Amino acid sequence: RKEVEQDPGPFNVPEGATVAFNCTYSNSASQSFFWYRQDCRKEPKLLMSVYSSGNEDGRFTAQLNRASQYISLLIRDSKLSDSATYLCVAYNNNDMRFGAGTRLTVKP
Amino acid sequence: ETGVTQTPRHLVMGMTNKKSLKCEQHLGHNAMYWYKQSAKKPLELMFVYSLEERVENNSVPSRFSPECPNSSHLFLHLHTLQPEDSALYLCASSLHRDQPQHFGDGTRLSIL
Numbered sequence: 409r410k411e412v413e414q415d416p417g418p419f420n421v422p423e424g425a426t427v428a429f430n431c432t433y434s435n436s437a438s439q440s441f442f443w444y445r446q447d448c449r450k451e452p453k454l455l456m457s458v459y460s461s462g463n464e465d466g467r468f469t470a471q472l473n474r475a476s477q478y479i480s481l482l483i484r485d486s487k488l489s490d491s492a493t494y495l496c497v498a499y500n501n502n503d504m505r506f507g508a509g510t511r512l513t514v515k516p
Numbered sequence: 014e015t016g017v018t019q020t021p022r023h024l025v026m027g028m029t030n031k032k033s034l035k036c037e038q039h040l041g042h043n044a045m046y047w048y049k050q051s052a053k054k055p056l057e058l059m060f061v062y063s064l065e066e067r068v069e070n071n072s073v074p075s076r077f078s079p080e081c082p083n084s085s086h087l088f089l090h091l092h093t094l095q096p097e098d099s100a101l102y103l104c105a106s107s108l109h110r111d112q113p114q115h116f117g118d119g120t121r122l123s124i125l
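For the record, the sequence lines run as chains L and B.
FYI, the numbering for the first sequence is 409 to 516, going by the numbering used here.
FYI, the numbering for the second sequence is 14 to 125, going by the numbering used here.
Think of the hints as simulated: they come from the structure by calculation, not from any bench.
Predicted model only: the values in this text are computed from it and were never measured.
Where hints are given, some of them may not hold.
[As the list claims (entries may be wrong)] Example chain B residues on the side facing chain L (calculated, C-beta under 10 Å, incomplete):
1) Y46
2) Y48
3) P55
4) L56
5) M59
6) L64
7) S107
8) G119
[To be verified] Far from chain B by the CB rule (all over 12 Å, computed), these chain L residues:
9) F419
10) E423
11) S491
12) N501
13) G507
14) P516
[What the hints assert, rightly or not] Once the Cα atoms are required to be at most 30 Å apart in a straight line, the calculated DSS-like pairs of lysine-lysine come out as:
15) K31(B) x K450(L)
16) K487(L) x K32(B)
17) K53(B) x K453(L)
18) K53(B) x K515(L)
19) K54(B) x K32(B)
20) K450(L) x K35(B)
21) K410(L) x K450(L)
22) K54(B) x K453(L)
23) K49(B) x K450(L)
24) K35(B) x K487(L)
25) K49(B) x K31(B)
26) K515(L) x K54(B)
27) K31(B) x K487(L)
28) K49(B) x K410(L)
29) K54(B) x K35(B)
30) K453(L) x K35(B)
31) K453(L) x K487(L)
32) K54(B) x K487(L)
33) K31(B) x K410(L)
34) K453(L) x K49(B)
35) K54(B) x K410(L)
36) K53(B) x K487(L)
37) K487(L) x K450(L)
38) K515(L) x K487(L)
39) K450(L) x K32(B)
For glycine and all other residues, C-beta sits at the position ideal for the given N, C-alpha and C.
Turn these sequences into a full structure, and let the hints steer you where they fit.
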């Protein structure tokens, strides 16, 4: 079983739509979680950290569910520029594990 | 400007060549990393340096040899690579091991 699993997608949504991704992690001792975005042929960039109480940054909301061992990312009012691959990351004891990513395409 | 700079951006080499990838970070971070990213696969962690000491080597073949001369610079020396080593090689740094990582633009490597 993979340490961090994501639905690879692609998710194809119209502009203005709300879209949500989930990511499951296998290590219950994981302490910190992050979402990165990676544009085609570019490096991953930190999108947001995920806190136990959930956090929001503009149109983006991240949630953590420790009981079910998943984190989620919600994007409201999707923009064309949101098209990218979204990587989920779980950290435990000096070990940062990346998921393979979920691809999102926002269409006009 | 990402704060983490990698050179070269692209590299094409034959299997018998020797080349080096360079990474430099201007963020004052204490940890640096090399990752390999192949198409449709998760990032594969190759090496981790913390305060210039190698703290992790994830069963990487010896044809990849890292070097960290100081906390700002990281190299990946390549020798006798195989076609399956063609991938995007990403360098990253973080303030500490448990902090988010900042990535360089990557070196896209093609082995002929």
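Verification of the hints:
1. Y46: Holds, about 8 Å.
2. Y48: 8 Å, holds
3. P55: 4 Å, holds
4. L56: 4 Å, holds
5. M59: 13 Å, violated
6. L64: Violated - the Cβ of L64(B) stays beyond 10 Å from chain L, reaching only about 13 Å at its closest.
7. S107: 8 Å, holds
8. G119: Interface hint status for G119(B): holds (5 Å vs cutoff 10 Å).
9. F419: 16 Å, holds
10. E423: Nearest chain B Cβ is 26 Å from E423(L), so the label holds.
11. S491: 17 Å, holds
12. N501: 9 Å, violated
13. G507: Since the minimum Cβ distance to chain B is about 6 Å, G507(L) lies within 12 Å and the statement is violated.
14. P516: Since the minimum Cβ distance to chain B is about 26 Å, P516(L) lies beyond 12 Å and the statement holds.
15. K31(B) x K450(L): Given that 30 Å is the threshold and the Cα spacing comes to 25 Å, the pair holds.
16. K487(L) x K32(B): Distance ~41 Å between K487(L) and K32(B) Cα, so the pair is violated.
17. K53(B) x K453(L): With Cα atoms ~17 Å apart, K53(B) and K453(L) stay inside 30 Å; holds.
18. K53(B) x K515(L): 22 Å, holds
19. K54(B) x K32(B): Answer holds: K54(B) to K32(B) is near 25 Å, not above 30 Å.
20. K450(L) x K35(B): Distance ~17 Å between K450(L) and K35(B) Cα, so the pair holds.
21. K410(L) x K450(L): 24 Å, holds
22. K54(B) x K453(L): 17 Å, holds
23. K49(B) x K450(L): Given that 30 Å is the threshold and the Cα spacing comes to 13 Å, the pair holds.
24. K35(B) x K487(L): It is violated: about 35 Å lies between the C-alpha atoms, which goes past 30 Å.
25. K49(B) x K31(B): 18 Å, holds
26. K515(L) x K54(B): Roughly 25 Å between the alpha carbons, so the hint for K515(L) and K54(B) holds.
27. K31(B) x K487(L): 44 Å, violated
28. K49(B) x K410(L): At roughly 17 Å apart (the allowed maximum being 30 Å), K410(L) and K49(B) satisfy the hint.
29. K54(B) x K35(B): Between K54(B) and K35(B) the Cα gap is close to 23 Å, so the pair holds against 30 Å.
30. K453(L) x K35(B): 20 Å, holds
31. K453(L) x K487(L): At roughly 18 Å apart (the allowed maximum being 30 Å), K487(L) and K453(L) satisfy the hint.
32. K54(B) x K487(L): 26 Å, holds
33. K31(B) x K410(L): At roughly 34 Å apart (the allowed maximum being 30 Å), K410(L) and K31(B) break the hint.
34. K453(L) x K49(B): 16 Å, holds
35. K54(B) x K410(L): The given pair, whose Cα atoms are some 11 Å apart, holds under the 30 Å limit.
36. K53(B) x K487(L): Holds - the C-alpha atoms of K487(L) and K53(B) are around 24 Å apart, at most 30 Å.
37. K487(L) x K450(L): 19 Å, holds
38. K515(L) x K487(L): 8 Å, holds
39. K450(L) x K32(B): 22 Å, holds
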